[in-house]
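The lines below spell out each chain.
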Amino acid sequence: MATAAAPLLKVEGVTLQYKTRESLVTATWKVDFQADRSDRLVLLGPSGCGKSTLLKAVGGYLAPAAGVITLDGARITGPGPDRVMVFQEADQMLPWLTVRQNVAFALTASGSCGKREAEDQAGVYIKKVRLEKFADTYPHTLSGGMKQRVAIARCLAMKPAVVLMDEPFAALDALTRQRMQEELLELWDESRFTMLFVTHSIEEAILLGNRVVLLSPHPGQVREIMEVDLDDPANRFHGRCDELRDTIHRVLFKDTGDYVI
Amino acid sequence: MGNQTAVLPALLHQVPGGESQPELPIGEIVQPLSLFERLWGESALRKLLLVALLVVLWQCYSARVANPLVFPSFSATALALWDSLIHGELPDRVAVSLRVLLSGYLLGILLATLLAAVATGSRLGNDLLEVLTAMFNPLPAIALLPLALLWFGLGSGSITFVLVHAVLWPVALNTHSGFASVSATTRMVGRNYGLTGWRYVVRILIPAAFPAILTGLKNGWAFAWRTLIAAELVFGVSSGSGGIGWYIYENKNQLEIARVFAGLLTVIAIGVAMDSLFRVVERRTVQRWGMSR
Numbered sequence: 001m002a003t004a005a006a007p008l009l010k011v012e013g014v015t016l017q018y019k020t021r022e023s024l025v026t027a028t029w030k031v032d033f034q035a036d037r038s039d040r041l042v043l044l045g046p047s048g049c050g051k052s053t054l055l056k057a058v059g060g061y062l063a064p065a066a067g068v069i070t071l072d073g074a075r076i077t078g079p080g081p082d083r084v085m086v087f088q089e090a091d092q093m094l095p096w097l098t099v100r101q102n103v104a105f106a107l108t109a110s111g112s113c114g115k116r117e118a119e120d121q122a123g124v125y126i127k128k129v130r131l132e133k134f135a136d137t138y139p140h141t142l143s144g145g146m147k148q149r150v151a152i153a154r155c156l157a158m159k160p161a162v163v164l165m166d167e168p169f170a171a172l173d174a175l176t177r178q179r180m181q182e183e184l185l186e187l188w189d190e191s192r193f194t195m196l197f198v199t200h201s202i203e204e205a206i207l208l209g210n211r212v213v214l215l216s217p218h219p220g221q222v223r224e225i226m227e228v229d230l231d232d233p234a235n236r237f238h239g240r241c242d243e244l245r246d247t248i249h250r251v252l253f254k255d256t257g258d259y260v261i
Numbered sequence: 262m263g264n265q266t267a268v269l270p271a272l273l274h275q276v277p278g279g280e281s282q283p284e285l286p287i288g289e290i291v292q293p294l295s296l297f298e299r300l301w302g303e304s305a306l307r308k309l310l311l312v313a314l315l316v317v318l319w320q321c322y323s324a325r326v327a328n329p330l331v332f333p334s335f336s337a338t339a340l341a342l343w344d345s346l347i348h349g350e351l352p353d354r355v356a357v358s359l360r361v362l363l364s365g366y367l368l369g370i371l372l373a374t375l376l377a378a379v380a381t382g383s384r385l386g387n388d389l390l391e392v393l394t395a396m397f398n399p400l401p402a403i404a405l406l407p408l409a410l411l412w413f414g415l416g417s418g419s420i421t422f423v424l425v426h427a428v429l430w431p432v433a434l435n436t437h438s439g440f441a442s443v444s445a446t447t448r449m450v451g452r453n454y455g456l457t458g459w460r461y462v463v464r465i466l467i468p469a470a471f472p473a474i475l476t477g478l479k480n481g482w483a484f485a486w487r488t489l490i491a492a493e494l495v496f497g498v499s500s501g502s503g504g505i506g507w508y509i510y511e512n513k514n515q516l517e518i519a520r521v522f523a524g525l526l527t528v529i530a531i532g533v534a535m536d537s538l539f540r541v542v543e544r545r546t547v548q549r550w551g552m553s554r
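Those protein sequences? They're chains A and B, same order as listed. Under our numbering, the first residue of the first sequence is numbered 1, with each subsequent residue one higher. Under our numbering, the first residue of the second sequence is numbered 262, with each subsequent residue one higher.
Derived from the structure by calculation, the hints contain no laboratory data. One thing to keep in mind: the hints can contain errors.
Some chain A residues well away from chain B (every beta-carbon gap over 12 Å; in silico) [unchecked claim]:
no., residue
1, T20
2, E89
3, D91
4, T98
5, A106
6, R116
7, H140
8, R179
9, E190
10, R211
Facing chain B, a subset of chain A residues (Cβ under 8 Å, in silico) [claimed, not checked]:
no., residue
11, Y61
12, L62
13, A65
14, T77
15, P79
16, P81
17, M85
18, Q92
19, P95
20, A109
21, C113
22, Y138
23, F253
Positions of the beta carbon are idealized from the N, C-alpha and C atoms, including for glycine.
With the sequences and hints as input, model every part of the structure.
See below:
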């Protein structure tokens, strides 16, 4: 099918609409972006820019009103285990299953492997997120950060083509969030998975992404797509971060003045 | 609990800058309570004490009334119960009652599950469930007994019919509202791993809605049990082999009032036993999973 050079994920002219009780809301308008293999693509924008809705559309939970989303050349028509979501909410863990069973559940439910192998794989990925001591406890006994780690382990165990992250660290305290961001980067460094990450934090976007899609709200439209060049050691001097942050800030708020995120 | 004791010393050692830390006299952290305090802390023990107190009151009051035809003493009731259990027909009666109850209960749950599944699957099904439960849930099952007798005759068929009516609506209502309240995130997780149709219902919806389903099962059980005894008071399941309700009614007619009391105690005992069974299920599932509301 697609050659290695072709982008893995293509979002072309995607307009997303959803119905509320009274009206039809347009969440995004003709959005275009692409993600290559091993990209860490961040969707960044204020609330109302449709970034989570876009992620759900890539997840297959929502069909675009116009435009197409393709993964490896194939059109996305519904949810599937090749695109695994990590949510912000703690109830993404199935409370009736232990940590190990939660990870194994993903593997058996999707038919990726048998029960025995799923348990082994679960063990491997739980170890990767350093939760082996808690493998046999139930999710409600875990802290918020630990729950997110299990969610990440469950997601990576599926070895999806794209990892979809919907503000996974937004509900965590500042220290835990920082730690989780670092660990996520370490995990990425190990297996170089392709990731689509939604956030409203400029700092998080710069830290985690190698490319940032800046979206403006009502309806969500692409303002600009920026390369984050912090992976290059030459750019890792202190001022570069601030420079990027200022640029993003200017782009995001150029006509809204002092709009607060 | 175990974690705290393990963490505490570790924290104490990590106090910064402490080569010459003075030993702080904190005192004893864990002090054993006295035997009395520990016993008083057991709620089961306190309740048992209350039951004993009630029995004593019963015995004293019956001695004052001194009319075993109106109010037999506890000792007379206990004797009658023992006699009926060992030599009499009570075990058979209980067996008859439980058999009918179980068939009605299971049939009711089966129908309720189907109804809830239909209601979850479509908007019209949802409306159907709402209309039916709004109509039939307030209707006491026992009020249908005359009709049931007309349709199914004297026998277990009639009782099963009213039992199904008693179980069906509360279970369907709770199961349905349980399904409806499963969070969007949980649903998306299920669909993310490719679960659809019955696999989705069994692996995601039912466990996620289990707290509500369990409440429905408990309510259904309570309604069924009351309905059963009431229905049996009216007639035996089939001639000669009635249940506990019939046992009570029959003994009242023969003025064996101590046995009437014994029958009532049996009804209470089975009710309490079922209640503790539900509590065990609750502890092993909903509470263990941190899902109790």
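So, going through the hints one by one against the coordinates:
no., hint, result
1, T20, "15 Å, holds"
2, E89, "5 Å, violated"
3, D91, "5 Å, violated"
4, T98, "10 Å, violated"
5, A106, "5 Å, violated"
6, R116, "18 Å, holds"
7, H140, "3 Å, violated"
8, R179, "18 Å, holds"
9, E190, "23 Å, holds"
10, R211, "24 Å, holds"
11, Y61, "6 Å, holds"
12, L62, "11 Å, violated"
13, A65, "20 Å, violated"
14, T77, "13 Å, violated"
15, P79, "4 Å, holds"
16, P81, "6 Å, holds"
17, M85, "6 Å, holds"
18, Q92, "5 Å, holds"
19, P95, "5 Å, holds"
20, A109, "4 Å, holds"
21, C113, "12 Å, violated"
22, Y138, "6 Å, holds"
23, F253, "31 Å, violated"
Hints 2, 3, 4, 5, 7, 12, 13, 14, 21 and 23 from the earlier list are contradicted by this structure; the remaining hints agree with it.
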